[in-house]
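*Asks:* According to the UniProt record's numbering, the sequence shown is numbered sequentially starting from 1.
It cannot be assumed that every hint is accurate.
[Stated by the list, open to error] No more than 30 Å apart at the CA atoms, straight line, and that leaves these computed lysine-lysine pairs for DSS-like:
1) K187 to K213
2) K409 to K548
3) K805 to K788
4) K99 to K769
5) K782 to K409
6) K734 to K782
7) K281 to K200
8) K728 to K705
9) K351 to K492
10) K705 to K734
11) K736 to K777
12) K477 to K409
13) K793 to K734
14) K431 to K453
15) K431 to K782
16) K453 to K481
17) K561 to K99
18) K187 to K238
19) K155 to K200
20) K428 to K318
21) K705 to K736
22) K318 to K431
23) K210 to K295
24) K561 to K542
25) K295 to K782
26) K358 to K428
27) K318 to K615
28) K393 to K477
29) K428 to K492
30) K805 to K777
31) K788 to K715
32) K591 to K615
33) K728 to K715
34) K542 to K492
35) K734 to K548
36) K777 to K793
37) K715 to K615
38) K52 to K295
39) K234 to K220
40) K728 to K676
No lab work stands behind these hints: they were computed from the structure.
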Amino acid sequence: MDYFIDVVVPLSLATTFTYKVSQAEHQFLQPGMRVAVPFGKRLVYTAIVWAKHHETPALYEPKDILTIIDEQPIATPIQLEFWQWIANYYMCSLGEVYKAALPSAFLLESETILSLNTHLTVDLSTLTDDEYLLFEAFEQQPILRFDEVQNILNKKKVFHVIDALLQKEIIYLNQHIHEKYKPKLVKYVALHENYKEEQKLIHLLDHQLKTEKQRALVLKYFQLQAKNTPIALKELLKEAEVSAAIFSNLEKKEIFTVYTLAEDRVQFNDAFLDDIDFTQKQQATLQNIQTSFQKHDVTLLNAVTGSGKTEMYIELIKEAVQNQQQVLFLVPEIGLTTQLVQRLTAYFGNKVAVYNSKYSENERVEVYHHVLNHTENAQIVIGSRSSVFLPFKNLQLIIIDEEHEASYKQADPAPRFHARDAAIVLAKMFKAKVLVGSATPSLESYYNAYQQKYGYVELNQRFTNVQLPEVVVVDLKEARKKKEINGFFSIKLIDAMNEAFYNGEQVLLFQNRRGFSPVLECLTCGHVPHCTMCDVSLTYYKRQNYLKCHYCGYTMAMPTKCHSCHSNELSTKGLGTEQIEDALRTIFPNKNIARMDQDTTRGKFAFERLIDGFKNREIDVMVGTQMLAKGLDFDNVTLVGIMNADSLLTLPDFRAYERAYQLLTQVAGRSGRKNKQGKVIIQTYNPYHNTIQQVTQNNYQAMFKEQMYERLHFKYPPFYRLIRLQLKHTNFDKTKDAAQWLATNLRSNIADILVLGPQEPSVNRIRNKYIQIILVKMPINKSAHSLKASIQKSINSLDSIGTFKAVRTKINVDFY
Numbered sequence: 001m002d003y004f005i006d007v008v009v010p011l012s013l014a015t016t017f018t019y020k021v022s023q024a025e026h027q028f029l030q031p032g033m034r035v036a037v038p039f040g041k042r043l044v045y046t047a048i049v050w051a052k053h054h055e056t057p058a059l060y061e062p063k064d065i066l067t068i069i070d071e072q073p074i075a076t077p078i079q080l081e082f083w084q085w086i087a088n089y090y091m092c093s094l095g096e097v098y099k100a101a102l103p104s105a106f107l108l109e110s111e112t113i114l115s116l117n118t119h120l121t122v123d124l125s126t127l128t129d130d131e132y133l134l135f136e137a138f139e140q141q142p143i144l145r146f147d148e149v150q151n152i153l154n155k156k157k158v159f160h161v162i163d164a165l166l167q168k169e170i171i172y173l174n175q176h177i178h179e180k181y182k183p184k185l186v187k188y189v190a191l192h193e194n195y196k197e198e199q200k201l202i203h204l205l206d207h208q209l210k211t212e213k214q215r216a217l218v219l220k221y222f223q224l225q226a227k228n229t230p231i232a233l234k235e236l237l238k239e240a241e242v243s244a245a246i247f248s249n250l251e252k253k254e255i256f257t258v259y260t261l262a263e264d265r266v267q268f269n270d271a272f273l274d275d276i277d278f279t280q281k282q283q284a285t286l287q288n289i290q291t292s293f294q295k296h297d298v299t300l301l302n303a304v305t306g307s308g309k310t311e312m313y314i315e316l317i318k319e320a321v322q323n324q325q326q327v328l329f330l331v332p333e334i335g336l337t338t339q340l341v342q343r344l345t346a347y348f349g350n351k352v353a354v355y356n357s358k359y360s361e362n363e364r365v366e367v368y369h370h371v372l373n374h375t376e377n378a379q380i381v382i383g384s385r386s387s388v389f390l391p392f393k394n395l396q397l398i399i400i401d402e403e404h405e406a407s408y409k410q411a412d413p414a415p416r417f418h419a420r421d422a423a424i425v426l427a428k429m430f431k432a433k434v435l436v437g438s439a440t441p442s443l444e445s446y447y448n449a450y451q452q453k454y455g456y457v458e459l460n461q462r463f464t465n466v467q468l469p470e471v472v473v474v475d476l477k478e479a480r481k482k483k484e485i486n487g488f489f490s491i492k493l494i495d496a497m498n499e500a501f502y503n504g505e506q507v508l509l510f511q512n513r514r515g516f517s518p519v520l521e522c523l524t525c526g527h528v529p530h531c532t533m534c535d536v537s538l539t540y541y542k543r544q545n546y547l548k549c550h551y552c553g554y555t556m557a558m559p560t561k562c563h564s565c566h567s568n569e570l571s572t573k574g575l576g577t578e579q580i581e582d583a584l585r586t587i588f589p590n591k592n593i594a595r596m597d598q599d600t601t602r603g604k605f606a607f608e609r610l611i612d613g614f615k616n617r618e619i620d621v622m623v624g625t626q627m628l629a630k631g632l633d634f635d636n637v638t639l640v641g642i643m644n645a646d647s648l649l650t651l652p653d654f655r656a657y658e659r660a661y662q663l664l665t666q667v668a669g670r671s672g673r674k675n676k677q678g679k680v681i682i683q684t685y686n687p688y689h690n691t692i693q694q695v696t697q698n699n700y701q702a703m704f705k706e707q708m709y710e711r712l713h714f715k716y717p718p719f720y721r722l723i724r725l726q727l728k729h730t731n732f733d734k735t736k737d738a739a740q741w742l743a744t745n746l747r748s749n750i751a752d753i754l755v756l757g758p759q760e761p762s763v764n765r766i767r768n769k770y771i772q773i774i775l776v777k778m779p780i781n782k783s784a785h786s787l788k789a790s791i792q793k794s795i796n797s798l799d800s801i802g803t804f805k806a807v808r809t810k811i812n813v814d815f816y
C-alpha cells in the first residue's frame, strides 16, 4: 500500500498537491502540520498538510517530502475549515489564505545554496568569462548564495551561468531551509552555589569584594532576591547603577552564574482595576445584550459616541474570562489598540495579547503560540482583521468595535475578505456569540437587525448624561461674501478655538486628505504634474519639498518651473493636513500643533507617542485625517472642526453619503466626552445637503431610510451582492479587449444576473498597468455558489486564450 499526503503551498494556485510519504510518516503526520516539500525543479516550500490518503495521483508521479517541520499541528481543524470557507466565499486559492493566515516566520525561507565540487579537476579553457569569474569566487569561498552570485557577476539574470556550471558538475545546488523565528532569550542572574552556605557568604561580603561597586552590586542582588522572582541581569545592572564589566568580573570569579530563559517580547503589567460603576441606563443596556444573546448569536449595539461602550465590552469579557474562554476583540485601525490596550490591561493585566501588523514577526509568533496552546497570556486578543486567522480552541465571544469601518475589508492582496463577516462565520463554527458595536452602524448590519437576523440593543445616552455636542454649520460661500474668513478658517472656527484655548481645552481639526496640497498647477498653461506610472496628479509635500504619488509611492523633486511651458508661476491648489498645520502655526504661534495621518504614524510607536502627547495635554491642536474618527477618547477635547465636509460627499461611490454621515458623526463624537457639552463646527459650501442636515440633527433613521430607498432602486447592497472583477495589463488595448471578451462571456453564461461594464475606473492606470472594471450584481435571495462557479469558469476560459494570458484578473467579492 502506498501512502500520500495532500498539502497546500503558499502560492496562488487553486489545487492541493500530493506527495509521497513512508508508512511511519503517514501515521505521524496530521492535518495542520508543516512539511518542507520540493516544488518544481529547484524550489522548496513550507507546505501545510491538508489530508492523508492512499490514492495515487493520475496526472503526475508524486515526489517525496524533504522533512517534517512540526511535532504538533500549528493549525487546528476549525482553522482549516475556516480557511476553506474563506477560499470558497471570496474566490481565492487555499494557498493565498494559508499565506495570509500564518505569520510569515512560519513560512520557512528557501535559499539557494551553491557549493563547489572540490573533487573535480576543471579545464579552465572550457569556461566563459562569467563562468571563470564565478569559479574564481568559489575557490575563494566554496559556498555561495544565489544573491551573492548576482553581486559577483553584477547581473540579475545569472541562472544560465549557474546552470552551465551545474551541467559541467563544477558546482552542486542545495536548498537550505532555516526557521526565521527565534525566541527572545533574557539573561538572568543567580548566586553561585559555592555561596549557599552562610559562612562562605559572610566571607564573600567581608573579604572577597574588592571595590564599593562590587559590594553595591551584590547587596542589590540580595535586595531584589527578596521579591522571590528571577532577577534579570539588565534589571540588576540598572538598579545597582554599575557597568556590565563589574558584573563580568564577578562572574569570572564564580560569584555569580548566568542562565537564559525564553520570554515574550510584549508583556503587560498586572491588572489593577476591578469593578466598573455603571449608570442605570448602561446597566439596562448590558442586561438587554445578555437577553439578546439568548435568542440571537449576533447582536448589534447601536450606542451614541461617548456612551461607554468599552466599559460594557469589558463587563462581557469578564464573564468569558471567568469561564476560561477565549475572547477576540476586533478593531478597525491599529492605532485604536493603543488606548484600548491601556483600558483592558487595567482590568485583565497580562491576559491581554495584541495581534496586528505593527508588531514584529517574532511578537506575532509568540501570540500565535499562546492562542494555540490556550495559555492565560492570550485569553483576550485585541487585533486588526488578520487576527480572525489565529488558532483559537475555545473562542466564545467576539466583539467587533466600530463595525461600520471600511478598513475591515481587505483590499490587497488576496484573500479580499471582510473581517466582520468572516468573524461571524468563525463564531458560528465555535457556537460563540458576536457583539457588533457602533454609533453609526453600517446599513447592512442595521438592515440585518431590522430583519431580526441580529439582535438589536440601543443606547442613546452619553455616559454620566453629558449632552451630545452642539453642531454648528458654517456656510463658506456666505462667510467669503461677508469676509468672515481667514485663509481656510472661518472666523467662527477661529473664535471657538480661542475660547477653547482660554478655557485650557484641546481642539481636533479634521481634513480627509494628507500632504500639503493635492495639486500643483502652472498658472500660465495649466499643466499639472502627474505620476509617470499612474493616471493621477502628484501631491505636494512642503516639509520634504517634493511631489508624491499616493498610489505607487513615486516621488519627484519640487519643480522650480513648469515642465511644459517653463513658466515660474506655479501654484498649489486644494487642501491637505500639512497645509492646515502650517496655517495654524501662523495664526496660533504659541500653541503646540501636531498632525495625525499616514505620514506621521509610520513608525512602530509613532501613533502611541502622538496619543500620549495629546492625552497628557502637551498638544493643543491635533490636525488629522479619518484616523481621528476611530474610537479615540480624550477627556479635554471640547471643539472639533471639520475643514471641508463637501470633499466626502462628492466621491464616485454608492456608499459616499453613508460613509460621509458615519465619518462626520464619528469625528463630531470626539468632542465633549466628559462633564461638558462639546462643540462641532462643520465648514461646507453646501449647508442644506441632506447628509449635512442629518449629521446636524443626529438623525441616523432619516439617513437609513433615504439610502435604503436608493440602494433598492439602483440594485446595491444589502439587497444585492456585488462581485467586482478588475483586469490589469501594461497594454491598454489588450486590457480593454480582454475585459470586453470576459463581460460578453459572463452575460452568455449567467442568466438573469446584471453584468455592468467593462468600464475604466476614475484612476485607470496604476504602476504602469491599465485597469478595466466589470461589476456583477446578484439578488441576495439567489444562490451565490453557482454564480461564482460560472464566473470562475469564464475567467479560466479567458486565461486559456493565448492573447489574454498575461492579463491579470482580480476578484473582489462583496466589494466595498
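*Asks:* Each hint needs a verdict: does it hold in this structure or not?
*Replies:* The hints, checked one at a time:
| no. | hint | result |
| --- | --- | --- |
| 1 | K187 to K213 | holds, 21 Å |
| 2 | K409 to K548 | holds, 26 Å |
| 3 | K805 to K788 | holds, 21 Å |
| 4 | K99 to K769 | holds, 25 Å |
| 5 | K782 to K409 | holds, 23 Å |
| 6 | K734 to K782 | violated, 33 Å |
| 7 | K281 to K200 | violated, 67 Å |
| 8 | K728 to K705 | violated, 37 Å |
| 9 | K351 to K492 | violated, 48 Å |
| 10 | K705 to K734 | violated, 43 Å |
| 11 | K736 to K777 | holds, 21 Å |
| 12 | K477 to K409 | violated, 37 Å |
| 13 | K793 to K734 | holds, 20 Å |
| 14 | K431 to K453 | holds, 16 Å |
| 15 | K431 to K782 | holds, 26 Å |
| 16 | K453 to K481 | violated, 52 Å |
| 17 | K561 to K99 | violated, 47 Å |
| 18 | K187 to K238 | holds, 14 Å |
| 19 | K155 to K200 | violated, 67 Å |
| 20 | K428 to K318 | holds, 21 Å |
| 21 | K705 to K736 | violated, 38 Å |
| 22 | K318 to K431 | holds, 19 Å |
| 23 | K210 to K295 | violated, 75 Å |
| 24 | K561 to K542 | holds, 16 Å |
| 25 | K295 to K782 | holds, 26 Å |
| 26 | K358 to K428 | holds, 29 Å |
| 27 | K318 to K615 | holds, 27 Å |
| 28 | K393 to K477 | violated, 59 Å |
| 29 | K428 to K492 | violated, 51 Å |
| 30 | K805 to K777 | holds, 26 Å |
| 31 | K788 to K715 | holds, 19 Å |
| 32 | K591 to K615 | holds, 16 Å |
| 33 | K728 to K715 | holds, 26 Å |
| 34 | K542 to K492 | holds, 28 Å |
| 35 | K734 to K548 | holds, 29 Å |
| 36 | K777 to K793 | holds, 17 Å |
| 37 | K715 to K615 | violated, 45 Å |
| 38 | K52 to K295 | violated, 40 Å |
| 39 | K234 to K220 | holds, 13 Å |
| 40 | K728 to K676 | violated, 53 Å |
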